[in-house]
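A.B. asks: As given, the protein sequences belong to chains D and L, one line each in that order. Under numbering that gives the first Met the number 0, the residue at position 264 of the first sequence is numbered 263, and the numbers go up by one with no gaps. Under numbering that gives the first Met the number 0, the residue at position 39 of the second sequence is numbered 38, and the numbers go up by one with no gaps.
Calculated directly from the structure, the hints in this document are not laboratory data. Misleading hints may appear alongside valid ones.
Examples of chain L residues toward chain D, derived with CB under 7 Å [as the list claims (entries may be wrong)]:
#1 T10
#2 A11
#3 R87
#4 W217
#5 V221
#6 D226
#7 L232
#8 G233
#9 G276
Glycine is no exception: its CB is placed at the ideal position from the N, C-alpha and C atoms.
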Amino acid sequence: MELAKDSLLKVSGLKYRYPSAEDSVLNGLDCEFKTGEKVAVLGSNGAGKTTFFNLVSGLIEGYEGSIKLAGTEIKKLKRVEIAKKLALVPQKHEPLFPFTVRDFVLMGRYARLGVFGIPREEDLEVVKNAAKETGAYKFFDRPYNSLSGGEMQLAVISRALAQESDLLILDEPSTHLDFKNRFVVLDLVRRISEKRKVALLMSLHEPNDVVQFADRVIVIHEGKIAADGKPRDIINEKLLLDIFQVKAKEIKTDKNSLFMPVSVCV
Amino acid sequence: MKKTVTFVVLTALLILLSYFSLNVGNYSVAPKKVLAMLGNRLFNTEMPQTDNYEEVVVFDLRLPRMLMVIMVGAALAVSGGVSQGVFRNPLVSPFVLGISAGASFGAAVAIVFFGHIAYSIDILAGLGGLVAVLAAFAIARRPDGYMPRLSLVLAGVIVSSLFTSLVGIIKYVADVETQLPAITFWMMGGFGNIDWGSLDYVIYLIPISIVLMIVFAWQLNVLAMGDREASFLGMNIKFWKSFYLFLSVAAVGMCVARSGVIGWVGLVIPHISRAVGGPDHKTMLPLSALLGAIFLLVADNISRTITTGDIPVGIITSIIGAPFFIYYLRKKETAVWN
């Protein structure tokens with residue numbers, strides 16, 4: 000039996016419709032996330048994964064139901080309080096001004112610095128450690144708009160780590176990355192989660208990544224949670240067919256099963 | 000260390016230029032005398048033999064003008080840097096966003112219709128600037144909140160041209176003898192009419208708004224990450240955006256009310272500052288203030304010595320600013336068109 004863990008985020012009866020749209024994107028979602036869990040969110044394009052992330056990080060309001068972050072309804076929390084509990088890694092960061100990676104990661108401390116943004120010794124230490132942990136320390140003093148896609152993702156993750164939150168939300172962390180960097184980033188966040196006891200909530204497109212890097216998966220389909228549980232119990236040929244209309248072949252490996260897409264059923 | 004040296008050198012340069020500005024002009028006063036007169040005023044040293052004109056020229060014409068030029072240069076450059084950060088767009092400035100045109104419309108309305116009310120020019124210039132920037136913002140922003148970089152520039156062009164036409168209409172109803180020259184002068188920008196009276200309260204308020212924009216520069220760093228990211232990093236973006244927009248518009252409004260529309264300072268100087276001291280607004284804004292003051296002081300000295308008349312300084316800033324910006328835009332490393 001597992002020990003009872005603290006509830007970080009509890010979502011109940013969550014419904015959301017964009018003001019300009021007719022149909023709801025999310026139509027009654029219930030789920031709970033606990034300390035140190037590594038949760039993948041799986042769903043087709045447009046299933047509402049990003050909307051879900053925006054809602055649970057308080058970036059959009061006007062939802063029905065309830066979203067509780069560490070026990071408090073998220074609507075009632077100030078941005079600065081949310082930022083201390085939850086860090087978000089966006090799908091893509093578009094750099095503009097050539098800040099150094101050091102300055103960029105320091106911005107993760109925003110919620111913990113005063114209005115003048117003068118870092119204390121401990122803040123600089125946190126920033127340095129975050130960059131060392133991801134490997135971004137290697138290009139710490141480079142302007143961050145000169146970074147490659149993989150390096151940029153490491154810098155953005157370092158910034159999120161500098162927030163020292165208990166929950167890390169990653170919106171498609173591997174989408175813009177090549178084969179190597181995809182592994183680097185997913186392996187990194189897995190190790191970070193295990194070392195820091197930080198809960199991960201990440202949307203992934205590749206079912207095999209879910210099997211490999213997550214210990215729980217929730218499947219969002221037609222605005223509801225279609226499945227929630229251990230990846231190896233949930234991801235199977237039938238699910239991939241239902242969600243993605245993809246016929247896939249299961250390939251058994253020593254530990255897990257992997258899935259190779261074979262054809263698309265329309 | 001390198002930054003400290005830069006600041007010391009530039010401050011020294013500004014002081015030298017300020018002194019130089021007290022010396023140049025149509026009416027020649029011996030530099031030695033200027034120094035001696037300054038010594039007398041500041042440190043109570045012995046007053047040199049002067050005729051009345053010399054004292055009036057130096058203390059009642061050149062000195063207030065020099066102070067005004069420094070304040071306006073610094074305010075325009077800092078406001079430019081602020082607007083580039085707030086809008087996350089290196090192509091904008093108070094001029095490009097239409098703030099200057101809106102403010103000059105406000106000023107023109109004040110001259111023609113409210114000439115008898117004290118400070119009406121300042122108040123209406125500020126309001127006009129605010130309306131202009133909010134209009135540009137509303138035009139450029141798409142329903143989903145995204146604001147393409149060039150859209151904002153184009154929206155600024157639209158708003159500017161609209162306000163410029165409105166000024167044109169006002170010119171028609173203006174009194175040809177008194178009001179029309181005043182408006183025309185405003186549109187071109189210049190310091191020819193500055194005396195101690197024009198400095199009244201702006202000598203406090205412009206520096207205060209510049210200092211406020213500089214001391215909270217960290218907020219601008221985070222704001223420049225974009226609305227969404229600034230939000231999830233913990234910022235109350237509504238508050239800080241309004242704070243910066245209000246201060247920059249107020250500063251620009253006061254500048255326009257006193258010295259007319261002066262372009263290019265707010266666009267070019269922030270880029271130079273970023274190239275010299277990096278993108279961190281904590282360095283970039285104070286550097287912009289210094290460089291803006293220096294740039295405008297040089298331009299103003301040129302404008303009042305190049306001919307026997309007083310060329311509007313806006314003409315000089317365009318002549319220097321335009322080629323610089325072309326060079327900047329064509330440079331590969333700083334390509335900002337996409």
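A.B. asks: Against chain D, is L232(L) within 7 Å by beta-carbon distance?
C.D. replies: Holds: closest Cβ of chain D sits about 4 Å from L232(L), inside 7 Å.
A.B. asks: Let me know if the C-beta of A11(L) comes in closer than 7 Å to any C-beta of chain D, holds or violated.
C.D. replies: violated, 27 Å
A.B. asks: Given a cut of 7 Å on the nearest C-beta pair, is the interface hint for G233(L) held or broken against chain D?
C.D. replies: Hint on G233(L): holds, closest Cβ of chain D at ~3 Å, below 7 Å.
A.B. asks: Is the hint on T10(L) kept, meaning its closest Cβ partner in chain D is under 7 Å away?
C.D. replies: violated, 22 Å
A.B. asks: Would the stated hint for R87(L) survive a check requiring a Cβ distance to chain D of less than 7 Å?
C.D. replies: holds, 6 Å
A.B. asks: Next item in the hint list is V221(L). Is there a CB on chain D closer than 7 Å to its CB?
C.D. replies: Hint on V221(L): holds, closest Cβ of chain D at ~5 Å, below 7 Å.
A.B. asks: Hold the hint about W217(L) up to the distance rule: shortest CB distance to chain D must be less than 7 Å.
C.D. replies: Since the shortest Cβ distance to chain D is 3 Å, the answer is holds.
A.B. asks: Have a go at the G276(L) hint: is there a Cβ in chain D nearer than 7 Å to its own Cβ?
C.D. replies: With a closest approach of 12 Å, the G276(L) hint is violated.
A.B. asks: Minimum Cβ distance from D226(L) to chain D below 7 Å?
C.D. replies: violated, 10 Å
Checked against the numbered hints listed earlier, the structure breaks hints 1, 2, 6, 9; every other hint is satisfied.
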